[in-house]
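Sequence order for the protein chains is A and B.
Position one of the first sequence corresponds to residue 12 (the working numbering), numbered consecutively onward.
Position one of the second sequence corresponds to residue 12 (the working numbering), numbered consecutively onward.
Hints are supplied without guarantee of correctness; some may be wrong.
Repeated chains share a single entry, so a pair holds when one copy, or any two copies, can fit it.
Unchecked claim - Once the Cα atoms are required to be at most 20 Å apart in a straight line, the calculated DMTMM-like pairs of lysine to aspartate or glutamate come out as:
| # | residue 1 | residue 2 |
| --- | --- | --- |
| 1 | Lys119 | Glu22 |
| 2 | Lys119 | Glu37 |
| 3 | Lys119 | Glu20 |
| 4 | Lys60 | Glu42 |
| 5 | Lys119 | Asp34 |
| 6 | Lys119 | Asp57 |
| 7 | Lys47 | Glu77 |
| 8 | Lys119 | Glu99 |
For the record, the hints were derived by calculation from the structure and aren't laboratory data.
Number of protein chains: 2
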Amino acid sequence: MNIIWNPREIENRSMEIIESYLDGYEFGPVEKQIVKRVIHTTGDPDIVKYLRFHPRAIEAGLSALEGGAHVFTDVNMLKSGINAARLESCGGQVLCLISEPATIANSKAWEITRAAAAMRQFGPRLNGAIVAIGNAPTALFEVLDLVEQGICRPALVVGTPVGFVGAAESKEMLVGQDLIPYISLLGTRGGSPIAVSIVNALLYSEGA
Amino acid sequence: MNIIWNPREIENRSMEIIESYLDGYEFGPVEKQIVKRVIHTTGDPDIVKYLRFHPRAIEAGLSALEGGAHVFTDVNMLKSGINAARLESCGGQVLCLISEPATIANSKAWEITRAAAAMRQFGPRLNGAIVAIGNAPTALFEVLDLVEQGICRPALVVGTPVGFVGAAESKEMLVGQDLIPYISLLGTRGGSPIAVSIVNALLYSEGA
Chain A
12 MNIIWNPREI
22 ENRSMEIIES
32 YLDGYEFGPV
42 EKQIVKRVIH
52 TTGDPDIVKY
62 LRFHPRAIEA
72 GLSALEGGAH
82 VFTDVNMLKS
92 GINAARLESC
102 GGQVLCLISE
112 PATIANSKAW
122 EITRAAAAMR
132 QFGPRLNGAI
142 VAIGNAPTAL
152 FEVLDLVEQG
162 ICRPALVVGT
172 PVGFVGAAES
182 KEMLVGQDLI
192 PYISLLGTRG
202 GSPIAVSIVN
212 ALLYSEGA
Chain B
12 MNIIWNPREI
22 ENRSMEIIES
32 YLDGYEFGPV
42 EKQIVKRVIH
52 TTGDPDIVKY
62 LRFHPRAIEA
72 GLSALEGGAH
82 VFTDVNMLKS
92 GINAARLESC
102 GGQVLCLISE
112 PATIANSKAW
122 EITRAAAAMR
132 QFGPRLNGAI
142 VAIGNAPTAL
152 FEVLDLVEQG
162 ICRPALVVGT
172 PVGFVGAAES
182 KEMLVGQDLI
192 PYISLLGTRG
202 GSPIAVSIVN
212 ALLYSEGA
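One chain only, chain A, in its complex shape:
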């Protein structure tokens, strides 16, 4: 077997193969980078069918990053995947409260998930920020509720929660509103690595 060991060569060959799956789709240049990274992460070219971009998503995301916006995540796996060094060079940080004692206490008191409690605690700090939700539909419902209540207005919501209880519904709600630009993936599929891919693709294209 002819194994490719060189990282640069693997990356280039991957992207060539992925590019070949995108014939017939029309994406802007940054959108296309995002789509390619999501396919790269999942190993599944079909996933492109479920991706949705708000018309202002790229502009809003890039402009927030350039302005030093923080990225607030629902879970630590998402936090750990984001290129923090790159984000910090723009002035932003990746923040996740899910494991904080206060979050755990609040989630019990409020009878909601920790991920949702974390978002509620962030509250107005989400103004102008990038919110990335890769796991918990309840975190996305909570953010949409905070927006509706006028408590915060993120610059961009990257919403790709996963699962059979609320995920599809939370994402339908996200793409059904027009107050906040979004990047999402419809249906039950999703996950932290998909959200990571999207945020990192934005970070890599920022200033490029």
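With chain A held as given, fit chain B onto it using these hints.
Relative to the frame of chain A, chain B by itself:
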């Protein structure tokens, strides 16, 4: 919309829905828990078709965990997803070398990926351990090569690398050998969260 906010209720309802997708499949009890967690993580019931269990995988994995085996991962995202507290209560640790300066230097010198260099550095420490590869096909090729050379003999390889360059081939090679028990997912799909689900499902069933 009737949103379920309670974490326990979400989990229970999720597992009921997932269970309904498994009619007609025959899995042992721990295998079934693994399959359910993988579907839970990806949001995709179809993924069950690509899962492969070596006949001794569960027995070998559980017995290694009970004996305090370490879990060696290819990437940090996988490391961060594994329930380290649970593993530590059995005596094991999660270890990943991908970001170590030595790994970075070796990957350059050897002209291989960091993930593969990390596995080569672990070498004989992989004896009796659980190796979990969620991202890099080259890490899996490297481990299989170390096994073939007689350098190490892990107790179990959880191999779910992802992508279009080598992933499917590395997993075919894994399920085509009989020296090391494996749990794998054929084809281009894969990823760290899938490997995390598998390792955590083993950890949660251990001693249960």
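Tested hints:
Within a single copy, Lys119 and Glu22 get their C-alpha atoms only as close as 44 Å, which misses the 20 Å cut-off; across copies the closest is 16 Å, which meets it. For the identical chains of this complex, Lys119 and Glu37 are neighbours neither inside a copy (46 Å) nor across copies (38 Å), given an alpha-carbon limit of 20 Å. When the C-alpha separation of Lys119 and Glu20 is checked against a cutoff of 20 Å, the pair qualifies only between copies, where the shortest distance is 13 Å, while the shortest distance within a copy is 49 Å. Only within a single protomer do Lys60 and Glu42 lie at most 20 Å apart by alpha-carbon distance; the minimum there is 13 Å, versus 31 Å between protomers.
In this assembly of identical chains, the alpha carbons of Lys119 and Asp34 never lie at most 20 Å apart, being 49 Å within a copy and 35 Å across copies at closest. Taking CA atoms no more than 20 Å apart as the test, Lys119 paired with Asp57 passes in neither setting, with 39 Å inside one copy and 34 Å between copies. Taking CA atoms no more than 20 Å apart as the test, Lys47 paired with Glu77 passes in neither setting, with 22 Å inside one copy and 41 Å between copies. For the identical chains of this complex, Lys119 and Glu99 are neighbours neither inside a copy (33 Å) nor across copies (26 Å), given an alpha-carbon limit of 20 Å.
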